[in-house]
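Engineer: Whole structure, please, built from the sequences with the hints as guidance.
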Amino acid sequence: MANKLAVIADDFTGANDTGVQFSKAGLKTLVTSQLETIDQLDYKADVVVIDTNSRADQPATAYKKVAQATQQLQELGIDYIYKKLDSTLRGNIGAEIEGALVAGGYELAIVAPALPATDRTTIGGNQLVQGVPLEETEIAHDPVTPVNRSYIPDIIGEQTTKEVVAINLKDLLKGADYLVQLIEEKAESGAEIIVVDATTSKDLEIITATLNLLEADCLLVGSAGFAESLPVGLNLVTSEKEEVTKSKGSILGIAGSVSDITRGQVNYAQQELDNLSVIDIQLADVLQNNYQVELDRVISAVDKLITADQDIIIRSAKDNDLVAKAKQLGKKNGLTGIEVSNRIARFLGEVAKYFYVANKIEGIFLTGGDIAVKSAALIGAEATVIKDEILPGIPRGRFLGTDLPQIPVVTKAGAFGNEEALVEIIAELKRRN
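Start counting the sequence shown at 1; every next residue gets the next number (the UniProt record's numbering).
Wrong hints could be hidden among the right ones.
Claimed, not checked - When the alpha-carbon atoms are kept at most 27 Å apart in a straight line, the in silico DSS-like pairs for lysine-lysine are as follows:
#1 64 with 24
#2 304 with 360
#3 4 with 202
#4 353 with 327
#5 332 with 318
#6 170 with 64
#7 318 with 331
#8 174 with 186
#9 304 with 331
#10 327 with 304
#11 327 with 360
#12 430 with 24
#13 4 with 64
Since the hints were made in silico from the structure, they are not lab data.
Structural biologist: Structure, rendered in structure tokens:
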């Protein structure tokens, strides 16, 4: 290929939803959290996506992980590094941008976090979700990484001493040549991190066009939206797409996200699909002394449903009251909010591992970043090969690992997709591998 590109993401679903932007352009794309063994993986990739699993880390830890990843990727001869951001700006945004900027020796970071396909836009330097400022959405109440601001330079500035400035939509729409001039002026005035407005994919293409005109060595920063414009914009050579085959049998879904969007998607699927059963885990047992008893119960119930040719979704909490009760119960038992989330993620991951490794299902989908990464780790996945994109930002792939079955895997960030998303995912997993 003409140029080599690597992505550094802070969580598993984010790594996948960005990786698929390259795979759907025909680029062989590999997602892994094992940076040190990339050369040992038996898969030749055009694009490598690294999951540092650093979204919930302390800023200093996140900085160190991203800096190390940047250095190692440059040693592998990577031409472009794309620092992937969550489109709702959760995590250690400032620390990770600075970590990549400094370790990579970049002069500038060009930041474009808009994701128009899911109506996440940047206007006046502010991040909006369906036209609502970020601080007024459910993201402000995220149990692990809440975001209580909307102005992106302020969010980034909380974790870096680098100067952060914004370029508005009016200036962007004057075209790539004008945008290059404006970026260079801001850089000469001391800016090192430049946030650019965007509301459409065309806006993001304009930003990409400037990359070939700028003399400065730039770190690319954004969500899956900006990434989608890079294969053409950076002249990456495509590979032939692999054929898919029809699938039969049971589909297993693990719904561990506490997002209202995922909850609505599960409820809709339950209403629309006669062949779907939803199993709610007993959080009190998971968080106290009956963990194994509850695990055995859920596995037994799923086994019976598979025998009856049913599709299954395992849900962590069907309403917000159960989420609140889980937090209270965890606190009563000396667990922090993160420890509660980790225990639930491990429980769901163990269920996923049992059915995946035993090759008892024809497809699996994992919704919620913590759930997806825990499931992949327990299954023994060394990496994920991204195949295609079922819905915007919702990729399908396969886990790579010793003796793992070739079962299709779909990962979905909790807040992604419309009401029909899970219905469409199940249908697509049944239609094609």
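Engineer: State for each hint whether it applies.
Structural biologist: Hint-by-hint comparison with the structure:
Among the hinted pairs, residue 64 with residue 24 is inconsistent with the structure: their alpha-carbon atoms are about 31 Å apart, more than 27 Å. A C-alpha spacing of about 11 Å is found between residue 304 and residue 360, which places the hinted pair at or below 27 Å, so the restraint holds. Between residue 4 and residue 202 the CA atoms are separated by roughly 24 Å; this keeps the pair inside 27 Å, and the hint holds. With a C-alpha separation of about 25 Å, the suggested pairing of residue 353 with residue 327 holds against the 27 Å cut-off.
Pair hint residue 332 plus residue 318 holds up; C-alpha atoms about 22 Å apart against a cutoff of 27 Å. A threshold of 27 Å between alpha carbons decides the hint, and for residue 170 with residue 64 the separation of about 36 Å lies outside it, so the pair is violated. For the hint linking residue 318 to residue 331, the alpha-carbon distance of about 20 Å falls within 27 Å, and the restraint holds. For the proposed pair residue 174 and residue 186, the alpha carbon gap of about 16 Å is at most 27 Å, so the pair holds.
For a cut-off of 27 Å, the pair hint linking residue 304 to residue 331 is broken: about 35 Å separates their Cα positions. Distance check on the hinted pair: residue 327 and residue 304 sit about 31 Å apart at the alpha-carbon level, beyond 27 Å; violated. Proposed proximity of residue 327 and residue 360 is contradicted: the alpha carbons are some 33 Å apart, above 27 Å. The suggested pairing of residue 430 with residue 24 holds, with an alpha-carbon distance near 20 Å, which does not exceed 27 Å.
Among the hinted pairs, residue 4 with residue 64 is consistent with the structure: their alpha-carbon atoms are about 23 Å apart, no more than 27 Å.
In summary, the structure is inconsistent with hints 1, 6, 9, 10, 11 from the numbered list given earlier, while agreeing with the others.
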